[in-house]
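Asks: Spelled out, the chains give:
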Amino acid sequence: MNAASKRVGILVLAAAALMGLASWVSYRAVGVGRAAPSAGLGLLWLKAEYGLDEDTFRKVSELHAAYFRECEQRCHQLETLDNQLLKDAVMARELLPKVEEELAKEDALCHDCRQAMLKHLYAVAQLMPEAAGQRFLAEMTAMLLPAAVHGERGSLQPRN
Amino acid sequence: MKPTDPLDDLLSQWPVPQADDPSFHREVWHRIAAGQDESPWAERLLNWWFRPRRIALSAAACVLLGFIVGGVAGAKNRTQARDVYLSSINPLDSHHPHYATR
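From first to last, the protein sequence lines are chains A and B. Numbering-wise (this note's numbering), the first sequence opens with residue 1 and increments by one. Numbering-wise (this note's numbering), the second sequence opens with residue 161 and increments by one.
One thing to keep in mind: the hints can contain errors.
[Unchecked claim] Which residues of chain B face chain A? A few of them, derived with a C-beta cut under 8 Å, are:
id, residue
1, 178
2, 234
3, 244
4, 252
Keep in mind the hints are simulated off the structure, nothing from the lab. Virtual Cβ for every residue (Gly too), placed ideally from N, Cα, C.
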């Protein structure tokens, strides 16, 4: 290896090191990092976005886990209802009272789901410092309530 | 007054022969230039590059590029994490963890 090649090698290494370092600093400042098995990526976002301290984060994580367990139960109920509804709706040639009743049950369950979600949002907001909690509620309701109605989510648009 | 150096007289009498070829100087410089052109391109590039100002500018460009790449990746990571959270609490979202079972 001649002197020129060595100098090129040193230059390339120095450039890569500089870029890598700058990239790492920038990524750490903007991103939320990688999720550990004990905490999901979503919860990491919550922690970073609303500046939660460790104690609040632990409480929010516990609340999230409890909400998820309840959510799972309702999802199973909904699954059972859906299966029955599909079966009956396919068999019927018109809108039978039975199918209508199952649709109403499903709507009621979806309503319960949304209600539980809202309750969860309020509970999480209460754990946060006041300003962060208010911002959390404003952003989450703007994002999630229309989503629950239309069944799809748009991009986050914080409203002032 | 400074005494006369005998060497001065001797030097003034010394004849300097002129080069036979009048283009001697030009050819010498031409050969030097040709010799320089034969150096590897990487070496020429490095010689051009290794100036404090150019090195500083290159370092600044590397840092800026690194910041941009890291920032874009960080923003993507943040957006992804936000979507994961929203999906996890919205039971009617199509990416909700239990949605697929329905």
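Asks: Give a verdict on every hint.
Replies: Status of each hint after checking the structure:
| no. | hint | result |
| --- | --- | --- |
| 1 | 178 | violated, 41 Å |
| 2 | 234 | holds, 3 Å |
| 3 | 244 | holds, 4 Å |
| 4 | 252 | holds, 5 Å |
Consistency note: the structure conflicts with earlier hint 1 alone.
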